[in-house]
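Make the full structure from the sequences, and use the hints.
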Amino acid sequence: MDKLEQIKIAAEREIKDASNLKSLEDLRIKYLGRSGELTMILRSLADMSLEEKKIVGPKAQALRMELDSMITEKNKKLSERKRSVLDVSRPGKKIKIGHLHPLSIVEKEIVDIFRSMSFSVIDGGPEVETEYYNFDALNIPKNHPAREMHDTFWLEKLGNKNERLLLRTHTSPMQIRYMETHKPPFQIIVPGRVFRYEATDASHEINFSQIECLMVGKDVNLSNFKFIIEEFFARLFKKKLTVRLRPSYFPFVEPGLEVDIQCVKCGGKGCNICKDSGWLEVMGAGMVHPNVLKAGGYDPREYQGFAFGVGPERIAMLKYNIPDIRMFYGGDLRFINQF
Amino acid sequence: MKFSYSLIKKFAPGKYSKEELIKAFNTYSFEAVDLGGDVFEVPNTAIAHRFSSGSSHLGVAREAAAIFNTKYIDPTLNKLSFDFKDKGIFKVNIKEKDLCPRYSATYVTDVKVGSSPEWLKDVLETCGLRSINNVVDIMNYVMLETGQPLHAFDADKVRGGIIVRRAKNGEEIETIDGNKFKLSDNILVISDEDRSLAIAGIKGGKYSEVSLNTNKLLVESANFEGVGIYKSSVKLGLRTDASVSFSHNLSPELVDLGMKRALMLLKEICGAKIHKTEDIYPKKQSKTVIKLDLAKIEKIIGIKIKKTEAQGILAKLGFSISKNLITVPALRNDVEIIEDVAEEIARLKNFNELPAIPPKISMAVGGEDDIVLIKENIRKYLTAVGYSEVYNYSFVSEDKLKIAPAEIFGIKRSVKLANPLSVDFAFLRNSLAPYLEKNLKDNLRFFDEVRIFEIGKIFGDVVSGEEAKILEKTILGIALEGKDAFFELKGVADGLMEDLGLVDWFMPDLNLKNDLLESQESLRIELGDHSVVGYLGVLKSSSKGAILELDLEKISKAVIEEKEYEPLSKYPSIDRDISILVSSDMRVGDILEIIQKADPEHVNDVDLMDFYQDEKFGDKKSLTFRIVFQAKDRTLTDQEVDRELEKIVSFLKEEAEAEVR
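Here the protein sequences come in this chain order: V and X. Quick note on the working numbering: the first sequence kicks off at 191 and runs consecutively. Quick note on the working numbering: the second sequence kicks off at 794 and runs consecutively.
Hints are computed from structural coordinates only; laboratory data are not their basis. By construction, the Cβ of each residue, glycine as well, lies at the ideal position given by its N, Cα and C atoms. Please note: incorrect hints may appear among the correct ones.
Below are the DSS-like pairs computed for lysine-lysine, each with C-alpha atoms no more than 30 Å apart in a straight line [claimed, not checked]:
1) Lys1153/X to Lys408/V
2) Lys286/V to Lys1333/X
3) Lys286/V to Lys509/V
4) Lys286/V to Lys1250/X
5) Lys408/V to Lys1089/X
6) Lys1250/X to Lys1195/X
7) Lys1306/X to Lys1205/X
8) Lys332/V to Lys1028/X
9) Lys1276/X to Lys1173/X
Simulated coverage check for chain X against chain V, where a stretch passes if three residues somewhere in it have a Cβ under 8 Å from a Cβ of chain V [as the list claims (entries may be wrong)]:
10) 1034 to 1042
11) 1163 to 1177
Next comes the structure, spelled out in structure tokens:
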């Protein structure tokens, strides 16, 4: 028996007997590896005579191919045998993810809608404000009952400064702050935290959030405002909603409006959410009062615009059916992880 | 303000139901709420700017007449006949003309004090007032009808005349409800020659009160300046219908309307005889005339308006128009500028009839604030790695202020509220940590592990005389309680900083005594320029808890670098693991420093693979590091790598007294 025949018999038996992938790999190296037995023969062909080459060459090549395919075949078999079939009906592995606070989710939804309409998102600005920015510049007169609508937290006086500081009662001071440092035309949206000195209950908190919107240009008008808010509410609640505008009084706008939307729960038929009115009060708005434009450094004969404030808590409570505003500030993950 | 539907109908007769009236007010005028029966309410806040016309049945009826296009019947236009040609015995002396722009008084005799007729009692009851006697009831009714507060003195108790003056400091007065007030000189009183008879514009005094024995009156209809009344009312803690009205800057033009109606009714109901009225009104309210600038009105509203339509609306509301000038009715002292006129027109056309017109939008070149984007990125990153977001109060109790190392953020003094709601909320928070620590504890009742974060403002007080100001910082706080908390948090912090685009930061020991963190197990977070941006550490309250706070404003300023592509190495890397035994108080940070000091070449990364402490090592611990070698330009040979590794080993032996295992 020549050498090739011996290799063939031995290799075929050994491959057949190989019981695992490791021993199979060892066999591959033993016969077909860089210094494997068959490889050595193939390499030695160079030193053989032409006659010998003609006999041994094809035989050796054929054997090499045969062993190669045997090993491949065996490898396949061993691999299959190695693992049992997955029970793919088992539940997936639990990947732990965190949850955003519902107010952050709502805020993001709101600002993204405005972003898509070319509004810029501006950082909320100072939460501790002066009387000037919170009231005077916004045309809310000193010693007038209109200021009483804003139940205010005051800070103890600092140093020997005369000016009293307060916790802003709304995000509207940002209208002034932004106008002071920017030229129109522009349209901005400013989310921030505000404060009211009042007893807490299911619909009142001592701190809550607000999103201020301000658009100023040469001819930004009330009909433009109507377009923007109709578009906004349709996108926010993902359906066409009837928006109702009512005359109202806020010292920093003229004309001043209250905006209602058709109840998102009952569609206007009347339910416990809308207290059977079919409508939900959702924001105060209006055309920026000329005195406010002046306080911002603009000439009201040249520029005009609209402003409004919307409360993410109110929107979140409506969207998610949350019954109590205090849940937002309790840090309870059983609540937060639902969103 | 409460209103009687049936009384409104008397002045604006028409075919509308109460429900229709309320709906119309809400659509065209101001908020109105049905309170059942004959009553509805208009919140003071809805008419705060137009009390002279919005707090009276006549003013509100005028709105109704304009909306429903009905007649408007104004009883103040009826004729009043006087019974005497003279003013009687009383003189009026206004000492403070700024605080009292107008004062009128009428001497009335032959008054029969008794109970009021039913219709009058009904109106008062509807509007939430108690019937006292016919004289007092008439005063109250006329205020409901015209908006002008009135007062009747028992004329026999008034000596000499009426003096409108500031109270003397310490002067006392007993009001008709039996309460006593000590006054000061910033409070205005109505007095006679002997004593003060009333707190001007707020409440009448007991002494000159009308009783069943009264038969002569001095009827007062006056105007007092709003700010003065408001301040006095706040100071005395005394709020009356009159003080609320005057605080809203009533028009002095209401004075004679109110007086006229009161006298008519006193004659009619009490059979009174009236003298001529003394009326001191030195500076008349000026007429407001506005140019009817239709183009501006159209520009505000956004649609074309016909001139005749605008004129029609304004006329219905009592404005008089000649050519292009509009004269505002005296009681509409809220209308001062063209924007106010635009509102009148827009609301009576119905805001809901406006078209929705897309604005011409200019491109937002200002762009967005960096911190807005940083916050969004942080929220994305932290939720993805398992942390949930909480919102806590901005207010804390005093003891919570002392917990966290707030001085790391430059906060030394805390900010105290002048009017806190409770001791638990008496200060502004100087750190997010106390509430996060509490959140951990609260949530551990329901979860095995808790991972939370919060983004919010903290506050401090930076005091230096005139320059006193508040320091306000946007902070990120992260807290967790669970297995291996500290190192997870440290890893999250590193990951976050990298994700935000920071390239250089360090975490040296905190070395700052505080009640929040274990002093041996806390680090400060520094940027490349060694500015401190935060801290992290193991909680004192729970060894399984860790917490971090980071100054987002500083972080956002540091994130300026853009990422830059670095060519991938075409050559393989070679890993070498070395295990060493070192003294158990030797820190990994120190060893990493030593490795750096050895200055080996081609080191791509050094990682701690294994950490092992066991009794069999005595006071030593075992550390395994994986050192990754790679060259940019060739495949490193084993010999090269061994040589570099040897450098490291010899430094470790030398400086850390390490035994290589």
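Each hint tested on the structure:
no.	hint	result
1	Lys1153/X to Lys408/V	holds, 10 Å
2	Lys286/V to Lys1333/X	holds, 27 Å
3	Lys286/V to Lys509/V	holds, 25 Å
4	Lys286/V to Lys1250/X	holds, 28 Å
5	Lys408/V to Lys1089/X	holds, 11 Å
6	Lys1250/X to Lys1195/X	holds, 17 Å
7	Lys1306/X to Lys1205/X	holds, 14 Å
8	Lys332/V to Lys1028/X	holds, 15 Å
9	Lys1276/X to Lys1173/X	holds, 23 Å
10	1034 to 1042	holds (count 4)
11	1163 to 1177	holds (count 7)
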